[in-house]
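Asks: So you can see what is in the structure, the chains are spelled out below.
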Amino acid sequence: MQSIQGILEFVDQIFVNLSSWFSSQLASYLPEWAVTFVMMFATVLVLIVFGLASIIWINIFERKIIGRIQDRYGPNRFGPWGLLQCVADMVKLLTKEDVTPSRADRLIFNLAAVVPIVPTFMILAVLPFGRGMVATDLSIGFLYIVAVGSLGTIGIFMAGWSSNNKYSILGGMRTVAQMISYEIPMVLSVVGVLLLVGSLSMVSIVEAQGQWRLPFIVLQPLAFVLYFTAAIAEVNRAPFDLPEGESEIVAGYHIEYSGIKFAMFLLAEYINAFSICAIATTVFLGGWQGPILPSWAWFFLKAYALYFVLIWLRGTLPRLRVDQLMNFAWKTLVPLALANLMVTALVVKLVPQYSLVGAIALLAANVVIIVCIAIVKYPRWRQDKREVVLVSRTPTPQTESS
Amino acid sequence: MTKLKTETVTLNMGPHHPSTHGVFRLILTLDGETIVDVEPVVGYLHRNHEKIGEKNNWIQNTPFTDRLDYISPMNNEFAYVLAVEKLAEIDPPERAKYIRIIMVELNRIANHLIAIGFLLNELGCFFTPMFYALRWREMIVDLYEMTCGSRMMPNYFWIGGVSADLPEGFLPECKELVSALPGFLDEMEQLITENEILQMRCKNVAILPPEVATAFGCTGPLLRASGVPYDVRRAEPYSIYDRFDFDIPIGTVGDVYDRYLVRIAEARQSVRIVDQALRDLPGGETATPKKRKFTPPVGDIYHRTEAPKGELGFYLVSDGTENPYRYRIRAPSFVNLQALPYMCRGHKIADVVVVIGSIDITMGEVDR
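Which chain is which? The protein sequence lines are A and B, in order. The letter at position 148 of the first sequence is residue 148 when you use this note's numbering, and the numbering goes up by one with no holes. The letter at position 268 of the second sequence is residue 1268 when you use this note's numbering, and the numbering goes up by one with no holes.
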């Protein structure tokens, strides 16, 4: 029994131990400041490599599942089970001609391909991938994520504007409107959780869920739904993929990009999508916590389960229209997030921290809000039902036949 | 606060935009995302169909009509063949008539499935409903392949009958398909019709009032969704449509959502017709004795049929030679397309592609 626990502990902490072993090795022939410096760079390198490498399996995962949803196989030609498809795509993108349109604003056009990818990697820095596995545990963790995450908008708008193409300007305009609107419900929905925790640090959010002995999705189900919806819009995924709206504005802001610059946008989009799943895992699903399996395994299991939901939505839902998107953010998500925040604040003040009573009270408060929405909305859903009229054997309308 | 100086933008959509169903160009005048005006430009797929039709002889034109609306080739052949038969006063055998009805109605189901799939595609539900619809269209096309060897360009209808009798396995497979299709349509409706986003996108978008629809000369599901129960099969029964029991579904509002509902309901009615035709299918000959040369008497004829996209008419003039003197087509897609600018004004860019999808056009037929 002891030995099993020892093995589990070892596997759980394998990356942490590896890192401390590496720094102790360095310490033997480098001064202390240099060790800190090298370790910082090593951590950054690991995160970037992880980010880039994760694209490979995320991509395969996504295309295989979309294929299954659409009643086809997905990639299955290159490599066993089509696993090398991603490599083939990358080679293709890297060897493609890199076109800059003659009428484009060259500097901004080329810069815009790099800008969105920087904040995506910066977000990875504060995510706790496992127990003790966080690059830097900022005390303002969530605020940092919000601040850095909104930088991506600038890159996309730069791309849209500098391409000097009407479709891309439309895409850029849509992006700005959408991302700024959806940031508000996204942040407001998490504030309820932050009230329960009393800290912005991502690690303390996870630890607080350990103390409640419940993930916050149980205490704040509404907030989870709000966060996830707003976050999907934030990363421009279906059904909120208006900025790229394939069938309307062709590809939106990256219509003029080709080759590696186009790949950069895709890269940023995929890592962003993974990031929102990772943030949702940390804030609502109890982060790395879980029985038996090592902590990092739990984290990735939960994050990829959420990513599966993203793929599922992409495969099944139609897209919203621009005005409906704005209405949805400002008339549905923001009021709900505010209501959730108020109710949570009230309950947190009234009930004791980390108690069963508190948990039940929070859940009840959420249920009350959801029931209220249902009562208000349900009659409208019913009356909207429409059917065709079947005309059988009526006198035919007289038309002037030729 | 002074008012901002704003301008309208002219956006050129097409001719190779992913949702224009071929090569179709739209010149949009935009105020932000809102459509001020739409100017459709057609002619990119013009291939001189009507003039070539005058150079072909009467028999050669039958396979040529397959290239009009390539989604529903059987319907095109049907319209042409009926027109020539009316001109030459040929009466095909009973069995051929029933086989034609089976083929044509199966084709209507396939066409409506594709129309719904493309509509969902343009709504942003990328290719999932499309593949579901295509899977069932494939089974219908398999039946065509079994019968005449070709999936899209069948050349099955001949003047005075059909080219071959039904093959051995056709009837059981067709019966199986027809009994399974209502289940699939139910499944499709379950998945799509009640979807909140679909309803938001489709309801009250591009409303076409009945007066306007008739003024534009719209026909087919587009007109019926506006609430006009006009169907050539019922208004002016041709072939043997007066023997079948079927209903005409009409919409109540005339928006994109109604067009979607009408198409599904029509597919259900077609299933009913095929079912009845399979039940009553008589034995006997499938074609009148064939001739190598065919010359109808001098005269002219206009014959119209209800193709899946609307009223498909052929105006043929014969001067007593082997070639038609005039070969003119009234293509439903082309006429229905006229209502596009009317329906789009005041809506958003995203609605334009949805409206095109809801009209259900094929460029092969529009440009000819």
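Calculated from the structure, these hints are not laboratory results. Take the hints with a grain of salt, since some may be wrong.
Stated by the list, open to error - Calculated cross-link-like contacts (lysine-lysine; reagent style DSS-like; alpha-carbon spacing at most 30 Å):
| id | chain 1 | residue 1 | chain 2 | residue 2 |
| --- | --- | --- | --- | --- |
| 1 | A | K64 | A | K96 |
| 2 | B | K1051 | B | K1086 |
| 3 | B | K1203 | B | K1348 |
| 4 | B | K1203 | A | K166 |
| 5 | B | K1293 | B | K1051 |
| 6 | B | K1003 | A | K331 |
| 7 | A | K377 | B | K1348 |
| 8 | A | K331 | B | K1203 |
| 9 | B | K1293 | A | K377 |
Asks: Determine for every hint whether it applies to the structure shown.
Replies: To see whether the hints hold, each was checked on the structure:
For a cut-off of 30 Å, the pair hint linking K64 of chain A to K96 of chain A stands: about 25 Å separates their Cα positions. Using a Cα cut-off of 30 Å, the hinted pair K1051 of chain B and K1086 of chain B holds, with the two alpha carbons roughly 22 Å apart. Distance restraint check for K1203 of chain B and K1348 of chain B: the Cα-Cα separation of roughly 14 Å lies within the 30 Å cut-off, and the hinted pair is therefore satisfied. Of the pairs offered as hints, the one joining K1203 of chain B and K166 of chain A holds, with about 28 Å between alpha carbons and a cut-off of 30 Å not exceeded.
This hinted pair checks out: K1293 of chain B and K1051 of chain B have alpha carbons roughly 21 Å apart, not beyond 30 Å. Among the hinted pairs, K1003 of chain B with K331 of chain A is consistent with the structure: their alpha-carbon atoms are about 27 Å apart, no more than 30 Å. The hinted pair formed by K377 of chain A and K1348 of chain B meets the criterion: a straight-line CA distance of about 26 Å does not exceed 30 Å. Between K331 of chain A and K1203 of chain B, the direct Cα distance comes to roughly 19 Å. Compliance with the 30 Å bound is thereby established for this hinted pair.
The suggested pairing of K1293 of chain B with K377 of chain A is violated, with an alpha-carbon distance near 69 Å, which exceeds 30 Å.
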